[in-house]
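**Student:** The chain contents come next:
There are 2 protein chains.
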Amino acid sequence: MELKTLVNKLGREMPSFIEGYGEVKPYAGPFATKASGRKYAPLKSSSKPGDLKLLGSLKEALEKVEIKDGMTISFHHHLRNGDYVLNMVVEEIASMGIKDITICSSSLTSAHEPLIDHIKNGVITGLQTSGLRGKIAKEVATNNILGKPVVFRTHGGRARAVEAGEVKIDVAFIAAPSCDPMGNMNGKEGKSAFGAMGYPMVDAEYAEKVVAITDNLMPFPLAKVSIPMTLVDHVVEVESIGDPAKIATGATRVTKNPMDLLIAENAAKVLIASGLVKEGFSFQAGSGGASLAVCKFIREYMEENEIKGSFAAGGVTAYLVELLEAGLFNALLDTQTFDGAAADSFNRNPNHIEMSASMYANPHNKSCSAHQLDMMILSATEIDTEFNLNSMTGSTGMIMGAQGGAPDTAAGAKLTVCVAPTMRKRIPILLDKVTNIVTPGETVDVLVTERGTCVNPLRTDLIEKFTAAGIDLMTIEELKSEVEKLTGVPERVQYEDKVVGIIEYRDGTVTDVIKQVKK
Amino acid sequence: MELKTLVNKLGREMPSFIEGYGEVKPYAGPFATKASGRKYAPLKSSSKPGDLKLLGSLKEALEKVEIKDGMTISFHHHLRNGDYVLNMVVEEIASMGIKDITICSSSLTSAHEPLIDHIKNGVITGLQTSGLRGKIAKEVATNNILGKPVVFRTHGGRARAVEAGEVKIDVAFIAAPSCDPMGNMNGKEGKSAFGAMGYPMVDAEYAEKVVAITDNLMPFPLAKVSIPMTLVDHVVEVESIGDPAKIATGATRVTKNPMDLLIAENAAKVLIASGLVKEGFSFQAGSGGASLAVCKFIREYMEENEIKGSFAAGGVTAYLVELLEAGLFNALLDTQTFDGAAADSFNRNPNHIEMSASMYANPHNKSCSAHQLDMMILSATEIDTEFNLNSMTGSTGMIMGAQGGAPDTAAGAKLTVCVAPTMRKRIPILLDKVTNIVTPGETVDVLVTERGTCVNPLRTDLIEKFTAAGIDLMTIEELKSEVEKLTGVPERVQYEDKVVGIIEYRDGTVTDVIKQVKK
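Here the protein sequences come in this chain order: U and F.
Numbering-wise, our numbering puts 118 at position 118 of the first sequence, and it's gapless, one number per residue.
Numbering-wise, our numbering puts 371 at position 371 of the second sequence, and it's gapless, one number per residue.
Isolated chain U, as found in the complex (with noise of 0.2 angstroms):
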């Protein structure tokens, strides 16, 4: 095959066919790349009366569904830092001697720096996850321990590929807080509930094989199901599954940080003089106290100008509850639920909604709550002139974070304000170009920062509309130069030509690839 580099729509670099991915299909702008063909057709089964799916142990479980080298595993994330399963899992995998597994999980926490070994020594030969922070992600960027890239999915192109076939899962491994001996499971329920069980819903339906991991065996039927036995080959009981305690990591309470508070104070301005906070609108914030920090100030207007919205989604915090339990917003889409106190409004009122990762996000299907937004507010490590975001790599080249959902709502939402210190640790956030690009800049339409506010120039609208509203307004050119003032041009990270990671957009095409960090 012969290697040709294209340059996609935003410029970024990459090579035709890349070893251990495939050929690459590049980024040609956020719907200009349509689904075709078909959906994924898992293998039928049969059942009759009196089969069993409760399993003695976990071996037993891998043994049933016929684990063998080679083979793509899922798993989900919805207990983060807390989660038991994965490791619990590929423990066992690995002393039944199997080699050259795949990892498709939903995301990688701290939780899971067991893979490191695993990985090492062939077990784990191949990393799916939405991102990758602390020591795996060192040595997948710098030792590429690996050997092939990382590939990195939003929510929504997670579900996407699942759904397309694109990855094929031959077993699915669910964390479940409650379950019955056939297998229907929620996460709502139980000592280690979580909450909104969004991203195993798609596994589940398109994996060869399902198997739920349990620390709550309840009588059939299960009253509450989130995912239906009828998709669920076999039920192991486990004493733990992880511990929720550890769910929520970032904040979840508004920041009392005075630079935070002056940002999100401008976001709110902005997002007010858009006019699209009004009656019936909805809107997405990320946990982390800036975000939350702009809801506080939407919230004061919400209630002056006696305004109601429809639905708040995404990642749903405590402060989430408090909007809808105030009577702010008629309902929660939850795909992911970040903390105790949103599990348990998830468990009691019917009005905090689940929805898969496929109706969260997947540009693929017949409708997402992602193109539903109207509003939509995210961070990131480095914002360039074009407004292209990156949330995935550090100034140092490292990876330390997530594509998440913000590419998918980004792309989805009416309008997208990226909010940001000008400088962390005296490192500007303003480039010429990202280290690399996560959310393409053509989806970006506002950055607001402690020094000034600027409009993507693709949104005249936008400018028109802040500038009559009194907004002080300046170029984003105009703001990294200030900052530039004050810190400098940093160095530019070096790279080695070797690809460690893919960043893939919600449509399956390549925004954007990772190299190995030069030592």
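Any given hint might turn out to be false.
Pairs involving identical chains hold if they fit within one copy or between any two copies, as the list cannot separate such chains.
[Said to hold, decoys possible] Below, computed lysine to aspartate or glutamate pairings styled on EDC-like, alpha-carbon distance capped at 20 angstroms:
(1) K414 / D51
(2) K425 / E113
(3) K34 / E208
(4) K48 / E484
(5) K4 / E265
(6) K256 / E450
(7) K148 / E113
(8) K414 / E386
(9) K48 / E442
(10) K519 / E386
(11) K34 / D51
(12) K48 / E208
(13) K485 / D432
(14) K138 / D117
Rather than coming from a laboratory, the hints here were simulated on the basis of the structure.
Since the model is a prediction, treat every value here as computed from it, not as a measurement.
Mind docking chain F on chain U? Use the hints.
**Tutor:** What follows is chain F alone, placed relative to chain U:
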């Protein structure tokens, strides 16, 4: 193609190939025919922000889905005799000049008699349904107006056929008592609420196009979602989707007829003597006075002995709701709700659980609730000395019934009891051979009548238990002789050679064929 005559395991003769149906796979036993290969894979879609699904008229929806000659369209019969949707769609299709349409409905009722003219005009050329009664049935059975056989499927068999792609649904039309503009819908809220949405839950997943028809457009996002927007192409608002007052047709109260009460009391004795009525047991009883009367006697036994059951299932009636609310069962599993009181329970009681037709009774997924049943009570129009049941054709050979979930649950339950009077209008129900087999005798364990109780000789375990419990048993041949002394042996109906109906078993094999009645 050489036409051969097959004889299936039940001794029924049928052609190896039937024009308008295809190759015949003969019934080989309740679990002899396993699934193979992959599920059907519907087309992928693409969506983008700003897409609107709400259309101005049904005609616009038909144009958008590109309805054309030769297509297969699907419907569901939750509104039963009160359904308006099927007729309004077919009327519109006819007015557009479209021909050669196959209707795949979960069932057809007297509400659908306008189909007769559309069949005669060539608009409708194929029917697939669970049952057929009244004028349509008469036109099919005696005049063969369709010119090819109606395919009769069980509720589980229909779900299986759709998932397997044996029926390829081009467009599914779904009557939605509540629907938001993006197509999230449920059957439990609104003026036309009918309850569980078990049948179209399957159609929506596998149809190429899905049109929701609603008389209750709700704001986005609908909180209680039975079918999500990810599967829906278009939404059409109409004045009324039906008259829910016409849903309840069979008896929903316990009979006062002394003979029915006698049969029910005898059946309850049999169930109790089986030892299955114990803590955590499950059962299904259809609607109809005698079935409900069995529940009444079982209820008394449960209360006396402080027994609490696990679940009751099937089409759910007000009487089953009473049992749930009296704390006698933990849950109801519901695929089709039979009356207003049950629809109300479904809307407010989280232990009244919705299940798709696949989760109810499809033998080719990873579990169905039919296979979890301890006992099942059903009725029949005829029974023969091998315990084969007919619930499809009458003694005149006329089509006048349905398969429903009977073959599914009879195969699934540990104990299947047929309750029936020995004669109806002086015509005996006991025969050497039933007119048509719907539920194979090897899945029927006991016949309880007003004149005696007969156990299938295959169940020597039951014969021992019932004898030990002091229940008088007779052989089915003895009972038949006794009845024939009163009624005489009825003359057999005369048939043409033409096959007008195919009775498909739940696994896609053919249980029996229905031939055109000689005039």
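**Student:** Indicate, hint by hint, whether the structure satisfies it.
**Tutor:** We went through each hint and held it up to the structure:
For the identical chains of this complex, K414 and D51 are inter-copy neighbours only, at 13 angstroms across copies versus 50 angstroms inside a copy, given an alpha-carbon limit of 20 angstroms. In this homomeric assembly, K425 and E113 never come within 20 angstroms of each other (Cα to Cα): the closest approach is 27 angstroms inside a single copy and 77 angstroms across copies. Only between protomers do K34 and E208 lie at most 20 angstroms apart by alpha-carbon distance; the minimum there is 17 angstroms, versus 26 angstroms within a single protomer. In the homo-oligomer, the alpha carbons of K48 and E484 never lie at most 20 angstroms apart, since the shortest distance is 70 angstroms inside one protomer and 38 angstroms across protomers.
For the identical chains of this complex, K4 and E265 are neighbours neither inside a copy (48 angstroms) nor across copies (81 angstroms), given an alpha-carbon limit of 20 angstroms. Within a single copy, K256 and E450 get their C-alpha atoms as close as 15 angstroms, which meets the 20 angstroms cut-off; across copies the closest is 80 angstroms, which misses it. Taking CA atoms no more than 20 angstroms apart as the test, K148 paired with E113 passes inside one copy only; the shortest distance there is 18 angstroms, against 64 angstroms between copies. For a Cα distance limit of 20 angstroms, the shortest separation of K414 from E386 inside one copy, 18 angstroms, qualifies, whereas the shortest one across copies, 68 angstroms, does not.
In the homo-oligomer, the alpha carbons of K48 and E442 lie at most 20 angstroms apart only across protomers (15 angstroms), although the nearest pairing inside one protomer, at 53 angstroms, exceeds that limit. Proximity of K519 to E386 under the C-alpha cut-off of 20 angstroms is found in neither arrangement, the shortest distances being 30 angstroms within a copy and 81 angstroms between copies. In this homomeric assembly, K34 and D51 come within 20 angstroms of each other (Cα to Cα) only across copies, at 14 angstroms, whereas the closest approach inside a single copy is 42 angstroms. In this assembly of identical chains, K48 and E208 lie within 20 angstroms of each other by CA distance solely inside one copy; the values are 19 angstroms within and 30 angstroms between copies.
Taking CA atoms no more than 20 angstroms apart as the test, K485 paired with D432 passes inside one copy only; the shortest distance there is 15 angstroms, against 100 angstroms between copies. With identical chains, the CA atoms of K138 and D117 are at most 20 angstroms apart within one copy only, with a shortest distance of 14 angstroms there and 72 angstroms across copies.
In this structure, the hints that do not hold are numbers 2, 4, 5, 10, in rising order.
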